[in-house]
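Number of protein chains: 2
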Amino acid sequence: MTQPRIVLYSALLCPFAHRARIALKASGAVYETVEIDLKNKPAWYAPNINPASKVPAISYGAPPDSDVTKPPAGTFLLPESALVVQFIASLYPQIDYKDPIIRAKASFAQLQWDNLVAGRWRKYQFEGSEQDLEPLLEGLKQFSDSVPEEILGDEYGVADIILGPFVTRLFIFANEDIGKWAPGSGPKLVSALSGPEYDKLRKLGAKLDKWPALQETIDNDILVKKFTEILKNH
Amino acid sequence: MTQPRIVLYSALLCPFAHRARIALKASGAVYETVEIDLKNKPAWYAPNINPASKVPAISYGAPPDSDVTKPPAGTFLLPESALVVQFIASLYPQIDYKDPIIRAKASFAQLQWDNLVAGRWRKYQFEGSEQDLEPLLEGLKQFSDSVPEEILGDEYGVADIILGPFVTRLFIFANEDIGKWAPGSGPKLVSALSGPEYDKLRKLGAKLDKWPALQETIDNDILVKKFTEILKNH
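So the sequences go chain by chain: A and U. Numbering follows the working numbering, in which position 46 of the first sequence is assigned residue number 46; successive positions increment by one, without gaps. Numbering follows the working numbering, in which position 229 of the second sequence is assigned residue number 229; successive positions increment by one, without gaps.
FYI, nobody ran anything at the bench for these hints, they're computed from the structure. All values derive from a computational prediction rather than experimental measurement. Careful, some of the hints might be misleading.
The list treats identical chains as interchangeable, and a pair is accepted whether it falls inside one copy or across any two copies.
[What the hints assert, rightly or not] Calculated lysine-lysine pairs in the DSSO-like style (CA-CA distance at most 27 Å, straight line): (1) Lys98 x Lys25; (2) Lys54 x Lys141; (3) Lys207 x Lys25; (4) Lys200 x Lys54; (5) Lys98 x Lys188; (6) Lys232 x Lys200; (7) Lys70 x Lys141; (8) Lys188 x Lys54; (9) Lys210 x Lys39; (10) Lys25 x Lys123; (11) Lys225 x Lys141; (12) Lys123 x Lys188; (13) Lys225 x Lys123; (14) Lys123 x Lys70; (15) Lys180 x Lys70; (16) Lys41 x Lys210; (17) Lys210 x Lys232; (18) Lys25 x Lys225; (19) Lys225 x Lys54; (20) Lys207 x Lys39.
Please build the complete structure, drawing on both the sequences and the hints.
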């Protein structure tokens, strides 16, 4: 049986859209990508695909030759990166954890990132005040504590998909010193993360560096170039 | 094989803890409940069960006669209501949706409640300014739009568990006029919800009213009595 048609509405720089690309790549699904220019969104996008006007979104089951800018009525449309990943994992259970305890531990680590790291990192990268470093380090420590040993082996799962784009970007931007901070603050952050309390964070980063599904769906050079520009104008 | 021991740390009034009670009841799991007094939390709770000091949390697999206030090392402890429900659904898949599309639609409705209703409802109930009604009604309309027809039948699933405590409380508090608002504002809200744009919200409420797993894990009289007091002192 042919797999129903999957169209991903994506944007190269967006870490949320990156989650969807990794999930589709890791699952072995056949899919088409429609690149959405976030600075100049096409007029059809919000009314026809996602009223919230964000990426990613996917369409599932549109007829093979139908217009990707206007899926016919009855096509299943789904926005929100976490839901898209969950949906893909429902279709391709091999990318999800088999053990309920490991799955729950991995979900808790994702929540710790959302609650304790995401906002603090954005603040530090885009405002870069020295006083924002300590709360970020504390959040990264608690996140690192929460990463279950069980997901740091050779297997990749949903936590790698959900966390991957964010953990990877944190290390890229810090290493390349791309932030509204005093020059050298990025590498200084990386150096602060060399302590034993961040062991699992570093292991996760190293694991993600070796993952084809992630590396083949990101373009580091463009990311660095574009974010350097974005921060210049921020 | 005996099921590993499940201990739920709960609080009767808390809608998040209510999710966990419904999930356990609906799944047919055998479980013990430890009631945590949220106004006077026991000293052992945060260090031994949940560092965030919130309910619900569960312990899974503690030895049968071990102390519930101090589960031995190696016991799996899990906080956060959505993760607890997800974990229970991993153990008892019969409470989850089989169809990935229905599951995704239900997850989207849950997200709409979180993003568009939860905060607005809390604001309206606890501040009750007339100007807060319109945004709440708009949020409830968008939420109602998002509820998939497929979950409004006779079957109960994860969306009913996640949304149930909140949808049910909204109708109870509005009907009983329990809020920091002008007297009569609660029934006025219920009356505003009689329009066709809220059809699916009302259907969901009616469905939840008939669900033993929900009704047997809530005490409406105590809820009304306690919240009347809480609002008096708020």
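Tell me the hint numbers this structure goes against, listed in increasing order. The structure conflicts with hints 5, 6, 8, 9, 10, 11, 14, 15, 16, 17, 20, although it agrees with all the remaining ones.
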